[in-house]
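J.: Following the hints, complete the assembly by docking chain P onto the known chain L.
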Amino acid sequence: MKKKRLLLSLIFISIVMLLSGCDSKLAVLNPKGPVAKTQANTIIFSILMMAFVLIVVYILYIIMLTKYRASKTSDDYEPPHIEGNKWLELTWTAIPVIIVAILSVVTVQTTYAVEKVPAGYEDQKPLVIYASSSDWKWHFSYPEEGIETVNYVNIPTNRPVEFRLYSYGPITSFWVPQLGGQKYAMTDMITKLNLVAEHEGSYLGKNANFSGKGFAKMEFEVQAQSPGDYTKWVNDVKQTAPKLTEQEFNTLLKTDFVGRKSYSSTHLGFAPPPEGDMAGHQHGGDSKTEKDSGSENMDHMNHDMSGMDMSGSSSMEHGH
Amino acid sequence: MKWDEFFVTGEPMIYGADISIVLVSLAIIIGLTYFKKWGYLWREWLTTVDHKRIGVMYIISALLMLFRGGVDALLMRTQLATPDSKFLDAQHYNEIFTTHGVVMILFMAMPFIIGMMNVVVPLQIGARDVAFPRLNAVSFWLFFSGAMLFNLSFVIGGSPDAGWSAYFPLASNEFSPTVGMNYYSLALQISGIGTLLTGVNFIVTILKMRAPGMKLMRMPMFTWSVLITNVIILFAFPVLTVALALMMFDRLFGTQFFTMANGGMDMLWANLFWVWGHPEVYIVVLPAFGIFSDVISTFSKRNLYGYKSMVVSMVAISFLSFLVWAHHFYTMGTGAMVNSFFSITTMAIAVPTGVKIFNWLFTLRKGKISFTSPMLYAMAFIPIFTFGGVTGVMLAMASADYQYHNTMFLVAHFHYVLIPGTVFGVVAGMHYWFPKMFGFRLNERLAKWAFWLIVVGFNTAFMPLFFLGLDGMTRRTYTYSAATGYGPLNMVATIGAFVCAIGFVVLCYNFYYSFRHSPRDENGDPWDARTLEWSTPSPVPAYNFAKMPIVNSQDAFWYSKKQKVPLYEDGPYEEIHMPSNSGQPVILGIIMFFLGFFLVFSWFIPAIIAGIGVVIMLAVRSFERDHGYHISAKEIAATEQKLRGDTV
Numbered sequence: 053m054k055k056k057r058l059l060l061s062l063i064f065i066s067i068v069m070l071l072s073g074c075d076s077k078l079a080v081l082n083p084k085g086p087v088a089k090t091q092a093n094t095i096i097f098s099i100l101m102m103a104f105v106l107i108v109v110y111i112l113y114i115i116m117l118t119k120y121r122a123s124k125t126s127d128d129y130e131p132p133h134i135e136g137n138k139w140l141e142l143t144w145t146a147i148p149v150i151i152v153a154i155l156s157v158v159t160v161q162t163t164y165a166v167e168k169v170p171a172g173y174e175d176q177k178p179l180v181i182y183a184s185s186s187d188w189k190w191h192f193s194y195p196e197e198g199i200e201t202v203n204y205v206n207i208p209t210n211r212p213v214e215f216r217l218y219s220y221g222p223i224t225s226f227w228v229p230q231l232g233g234q235k236y237a238m239t240d241m242i243t244k245l246n247l248v249a250e251h252e253g254s255y256l257g258k259n260a261n262f263s264g265k266g267f268a269k270m271e272f273e274v275q276a277q278s279p280g281d282y283t284k285w286v287n288d289v290k291q292t293a294p295k296l297t298e299q300e301f302n303t304l305l306k307t308d309f310v311g312r313k314s315y316s317s318t319h320l321g322f323a324p325p326p327e328g329d330m331a332g333h334q335h336g337g338d339s340k341t342e343k344d345s346g347s348e349n350m351d352h353m354n355h356d357m358s359g360m361d362m363s364g365s366s367s368m369e370h371g372h
Numbered sequence: 258m259k260w261d262e263f264f265v266t267g268e269p270m271i272y273g274a275d276i277s278i279v280l281v282s283l284a285i286i287i288g289l290t291y292f293k294k295w296g297y298l299w300r301e302w303l304t305t306v307d308h309k310r311i312g313v314m315y316i317i318s319a320l321l322m323l324f325r326g327g328v329d330a331l332l333m334r335t336q337l338a339t340p341d342s343k344f345l346d347a348q349h350y351n352e353i354f355t356t357h358g359v360v361m362i363l364f365m366a367m368p369f370i371i372g373m374m375n376v377v378v379p380l381q382i383g384a385r386d387v388a389f390p391r392l393n394a395v396s397f398w399l400f401f402s403g404a405m406l407f408n409l410s411f412v413i414g415g416s417p418d419a420g421w422s423a424y425f426p427l428a429s430n431e432f433s434p435t436v437g438m439n440y441y442s443l444a445l446q447i448s449g450i451g452t453l454l455t456g457v458n459f460i461v462t463i464l465k466m467r468a469p470g471m472k473l474m475r476m477p478m479f480t481w482s483v484l485i486t487n488v489i490i491l492f493a494f495p496v497l498t499v500a501l502a503l504m505m506f507d508r509l510f511g512t513q514f515f516t517m518a519n520g521g522m523d524m525l526w527a528n529l530f531w532v533w534g535h536p537e538v539y540i541v542v543l544p545a546f547g548i549f550s551d552v553i554s555t556f557s558k559r560n561l562y563g564y565k566s567m568v569v570s571m572v573a574i575s576f577l578s579f580l581v582w583a584h585h586f587y588t589m590g591t592g593a594m595v596n597s598f599f600s601i602t603t604m605a606i607a608v609p610t611g612v613k614i615f616n617w618l619f620t621l622r623k624g625k626i627s628f629t630s631p632m633l634y635a636m637a638f639i640p641i642f643t644f645g646g647v648t649g650v651m652l653a654m655a656s657a658d659y660q661y662h663n664t665m666f667l668v669a670h671f672h673y674v675l676i677p678g679t680v681f682g683v684v685a686g687m688h689y690w691f692p693k694m695f696g697f698r699l700n701e702r703l704a705k706w707a708f709w710l711i712v713v714g715f716n717t718a719f720m721p722l723f724f725l726g727l728d729g730m731t732r733r734t735y736t737y738s739a740a741t742g743y744g745p746l747n748m749v750a751t752i753g754a755f756v757c758a759i760g761f762v763v764l765c766y767n768f769y770y771s772f773r774h775s776p777r778d779e780n781g782d783p784w785d786a787r788t789l790e791w792s793t794p795s796p797v798p799a800y801n802f803a804k805m806p807i808v809n810s811q812d813a814f815w816y817s818k819k820q821k822v823p824l825y826e827d828g829p830y831e832e833i834h835m836p837s838n839s840g841q842p843v844i845l846g847i848i849m850f851f852l853g854f855f856l857v858f859s860w861f862i863p864a865i866i867a868g869i870g871v872v873i874m875l876a877v878r879s880f881e882r883d884h885g886y887h888i889s890a891k892e893i894a895a896t897e898q899k900l901r902g903d904t905v
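Each protein sequence line maps, in turn, to chains L and P. Following our numbering, the numbering of the first sequence begins with 53 at its first residue and continues without gaps. Following our numbering, the numbering of the second sequence begins with 258 at its first residue and continues without gaps.
Bound conformation, chain L alone (with noise of 0.2 angstroms):
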């Protein structure tokens, strides 16, 4: 039993020291931008709370099984009859109740957070980025800018990013661990996930969610770059890439592995994103049927949408 009890507190240790200590080098502790961050910090805070938890209960473990042990004890030793203790009892109720309701504020405050434009970037008007998978692939769309990239995606840093996720296929997770947490993209409607980048460089982001075959190769690079060099960029792809025709994108969709690609134009106009009267799961797929057939629980769902331009010139439009 020393042996375990060393262990233990050395594999204790070993995490306390990973993960708080040494600024590590794991990527979600290793945040580059304002989401992350709050995340890196939850994390850490959680991790010492729990460390707390943890030494109590090792520290009464090690006690029992050191000075209970049947060969410490005579052996007339008769264990005596003990109910429990109300007071005791209560005792380890309201602590966890106490260290639960400390946890629970955090959490409340950061997940609000997490889902809004960072604190300090609310007056920016956020780049918007449509990002929809298909097996297995990324596809980003920049309606205002008019270009399109596959499996990389090019921000300007310090700027809020608003990534809208739809998926062309089964639910995937859009996740980049270093300038935040992941969200899902599903078919039937559009998530939004609100990213900063605080600094130049390469992350890697990835799909997180097990989607199929090709699911282990369904990466992409997401490059934060100056303001500057992305005016530079978007320029760039915009007088150097082809026109991203409706047959080439479904040529895209039906490629299982396509590589990194630029196109001056989106998918977005001949292929609407499911927002708005195109949101599959409100009133089925087909909203033409949906909507003749007249049924009356489909309305109510509908009347926000009432009159909305369906080309995909509008979605422009949901930036501010």
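Keep in mind that the hints were calculated from the coordinates and are not lab data. Computed from a predicted model, the values in this text were never measured in an experiment. Among the hints, a few may not be true.
Unchecked claim - Each computed BS3-like pair below joins lysine-lysine, with the alpha-carbon atoms no more than 27 angstroms apart: (1) L/K138 <-> L/K244; (2) L/K119 <-> P/K623; (3) P/K623 <-> P/K818; (4) P/K625 <-> L/K119; (5) L/K265 <-> P/K343; (6) L/K89 <-> L/K168; (7) L/K306 <-> L/K269; (8) P/K821 <-> P/K899; (9) P/K625 <-> L/K138; (10) L/K138 <-> P/K821; (11) P/K899 <-> P/K294; (12) P/K565 <-> P/K465; (13) P/K819 <-> P/K565; (14) L/K290 <-> L/K313; (15) P/K625 <-> L/K124; (16) P/K565 <-> L/K306; (17) P/K623 <-> L/K138; (18) P/K705 <-> L/K124; (19) L/K77 <-> L/K89; (20) L/K124 <-> P/K465; (21) L/K124 <-> P/K819; (22) L/K306 <-> L/K265; (23) L/K119 <-> P/K565; (24) L/K119 <-> P/K705; (25) L/K138 <-> P/K565; (26) P/K472 <-> P/K899; (27) P/K623 <-> L/K124; (28) L/K119 <-> P/K819; (29) P/K343 <-> L/K269; (30) P/K565 <-> P/K472.
T.: Quick look at chain P alone, frame taken from chain L:
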């Protein structure tokens, strides 16, 4: 359908499996014929309605499935040991992690737990069997046919490959065109019905069949945990039944509940799955808590500390278990408000769980602790499970979960709760109640070897995964490049997995060794234990208790030993009414197997015939007049004399 689509082909491993399945089946058939054991097998086991034998069959099935799921695990770990490994291809890896998850949860943990319930609960409450012995046999055979159907997918038709959570639209015909996911929906459905029936059976058994004087608050803690678990089963499993039925309609009949078009809603599947799936993890862990409570109390020679708060905390856990399912998909974009709600309910579970941990620690206090093999598992459980539990609290925090979700951190967490919780629990229970089942103890020296290999191997295998997860390694990924730097920690994890596997081999070898060499148990109470099951002789006679025990307190057997007061009613033996054996449950199981198999391949004519067969079986049972049989007082007296000597 062509034959080469029907049989899985092209993989040496599969041909190996084909050959070994044929050889093992032949060996069993030839062996049974040679030793003239067919009659014995049919009379004593296949048709039995005795809860103890059904329990043993559950446990044997669980051990077989542990082997299957364990081999899956080793294949996965071998593939991940080195970067860019070519050991398995993506499709094969996807099938293996899917079957590993399904097999370990539904066909290993569940039958192991239910097997323990079967063997122990009637004995702990002083009952002669469960409330519905025939139904109990039906439960087992439905589980067994579901498990066999699921395993058949490996060689016929192809294994499921969409993960054990089978998220749509990945699990729809469009993205999983093989019959693999049909196997998933049908095999889980058949065994799930069996589990639901078990739930009904044990609730009635515990509520209605306790010995005189055993009030609810005098029940052993394992029985309490089983009662609460079965209430959870009763509420959770119907959700799975419905979800799987809808899935089957989607895949076989072209409905659109979860598909991408025509109003299908993939998120609905995720919700239904986890409304069942989260309570499910408490279904497999609460009985283990019960086992640990009994084991810790027995081997520290003390009554359980804080009995009432133990019960209250389990009730609280069972209630909360239904309020936390959305924490499995915080990242679905339901918004900060919903996520905050589920974060708080999830963290709240830590409170009753913490109460239990402290109560176990204080049961040790002032005790007289002996480190037998069951106790070792219980003592490893406390620190390791606490570690797994606190990482669970970390995962519960939605904002941080966006970074843990779908990563190796999550994989590490749930193995850190399920293995020390469930697996150590059932293994501790198996060592503890082994003499009750078979009349001899497992060899302690081998058991301790197995224990240390398993504990050291387990920690080596899963501790690195926490760090890999924080470094961005996703789960279910079949390979990674050397540039990621994930290689060394993965190698460590793989080595740990193999050490752990060696531990399980030693554990199984111990069955054989102890069968050959262990001294036979003489008085039925080898551990000097506290609860009623130890007052019966080992092996336990079919009727369990010749006379009804009288219960005046918790741990009634302990106090009757200490205070030298009789445990049983006075008076002569009376004849005992027993349920008779029946071949109907096993036949029903076989028909259900074929019904499922035909539906998997959409062979509807044979499926309809099998379906009619099921209806006929139910009708036969309804019109059958079977009043059981009686064991005469004389026969009981002779049996008791033989088993107990002259003492009673």
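J.: Each hint: holds or not?
T.: Verification of the supplied hints:
About 49 angstroms separates the Cα atoms of L/K138 and L/K244, which puts this hinted pair outside 27 angstroms; it is violated. For the hint pairing L/K119 with P/K623, the CA-to-CA distance comes to about 8 angstroms; that is within 27 angstroms, so the pair holds. Distance check on the hinted pair: P/K623 and P/K818 sit about 21 angstroms apart at the alpha-carbon level, within 27 angstroms; holds. Restraint check for P/K625 and L/K119: satisfied, since their Cα atoms lie roughly 9 angstroms apart, inside the 27 angstroms limit.
A hinted pair counts as satisfied when its Cα atoms are at most 27 angstroms apart, and L/K265 with P/K343 qualifies at roughly 15 angstroms. Between L/K89 and L/K168 the alpha-carbon distance is near 14 angstroms, which keeps this suggested pair within the 27 angstroms criterion. The suggested pairing of L/K306 with L/K269 holds, with an alpha-carbon distance near 16 angstroms, which does not exceed 27 angstroms. Simply put, P/K821 and P/K899 have alpha-carbon atoms about 23 angstroms apart, close enough for the 27 angstroms limit, and the pair holds.
For the hint pairing P/K625 with L/K138, the CA-to-CA distance comes to about 23 angstroms; that is within 27 angstroms, so the pair holds. Distance hint between L/K138 and P/K821 is unfulfilled; the C-alpha atoms sit about 31 angstroms from each other, more than 27 angstroms. Our distance criterion of 27 angstroms between C-alpha atoms is met by P/K899 and P/K294, whose separation comes to about 26 angstroms. Distance restraint check for P/K565 and P/K465: the Cα-Cα separation of roughly 21 angstroms lies within the 27 angstroms cut-off, and the hinted pair is therefore satisfied.
A hinted pair counts as satisfied when its Cα atoms are at most 27 angstroms apart, and P/K819 with P/K565 qualifies at roughly 23 angstroms. Proximity of L/K290 to L/K313 is assessed by CA-CA distance (about 13 angstroms); at most 27 angstroms being required, the pair is judged to hold. With a C-alpha separation of about 8 angstroms, the suggested pair P/K625 and L/K124 falls inside the 27 angstroms cut-off, and the hint holds. Proposed proximity of P/K565 and L/K306 is contradicted: the alpha carbons are some 61 angstroms apart, above 27 angstroms.
Taken as a hint, the P/K623 and L/K138 pair is honoured in the structure, with Cα atoms around 18 angstroms apart against an allowance of 27 angstroms. For the suggested pair P/K705 and L/K124, the alpha carbons sit about 21 angstroms apart, so the restraint of at most 27 angstroms is met. Annotation: proposed proximity of L/K77 to L/K89 holds, straight-line Cα distance about 14 angstroms (limit 27 angstroms). About 44 angstroms separates the Cα atoms of L/K124 and P/K465, which puts this hinted pair outside 27 angstroms; it is violated.
A C-alpha spacing of about 22 angstroms is found between L/K124 and P/K819, which places the hinted pair at or below 27 angstroms, so the restraint holds. Among the hinted pairs, L/K306 with L/K265 is consistent with the structure: their alpha-carbon atoms are about 14 angstroms apart, no more than 27 angstroms. Using a Cα cut-off of 27 angstroms, the hinted pair L/K119 and P/K565 holds, with the two alpha carbons roughly 26 angstroms apart. Among the hinted pairs, L/K119 with P/K705 is consistent with the structure: their alpha-carbon atoms are about 22 angstroms apart, no more than 27 angstroms.
Distance check on the hinted pair: L/K138 and P/K565 sit about 10 angstroms apart at the alpha-carbon level, within 27 angstroms; holds. Straight-line distance between C-alpha atoms of P/K472 and P/K899 comes to about 32 angstroms, which puts the hinted pair past the 27 angstroms bound. Straight-line distance between C-alpha atoms of P/K623 and L/K124 comes to about 11 angstroms, which keeps the hinted pair within the 27 angstroms bound. A C-alpha spacing of about 25 angstroms is found between L/K119 and P/K819, which places the hinted pair at or below 27 angstroms, so the restraint holds.
Proximity of P/K343 to L/K269 is assessed by CA-CA distance (about 14 angstroms); at most 27 angstroms being required, the pair is judged to hold. Taking the CA atoms of P/K565 and P/K472, the gap is about 13 angstroms. The hint holds against a cut of 27 angstroms.
This entry does not satisfy hints 1, 10, 16, 20, 26, going by the numbered hints stated previously.
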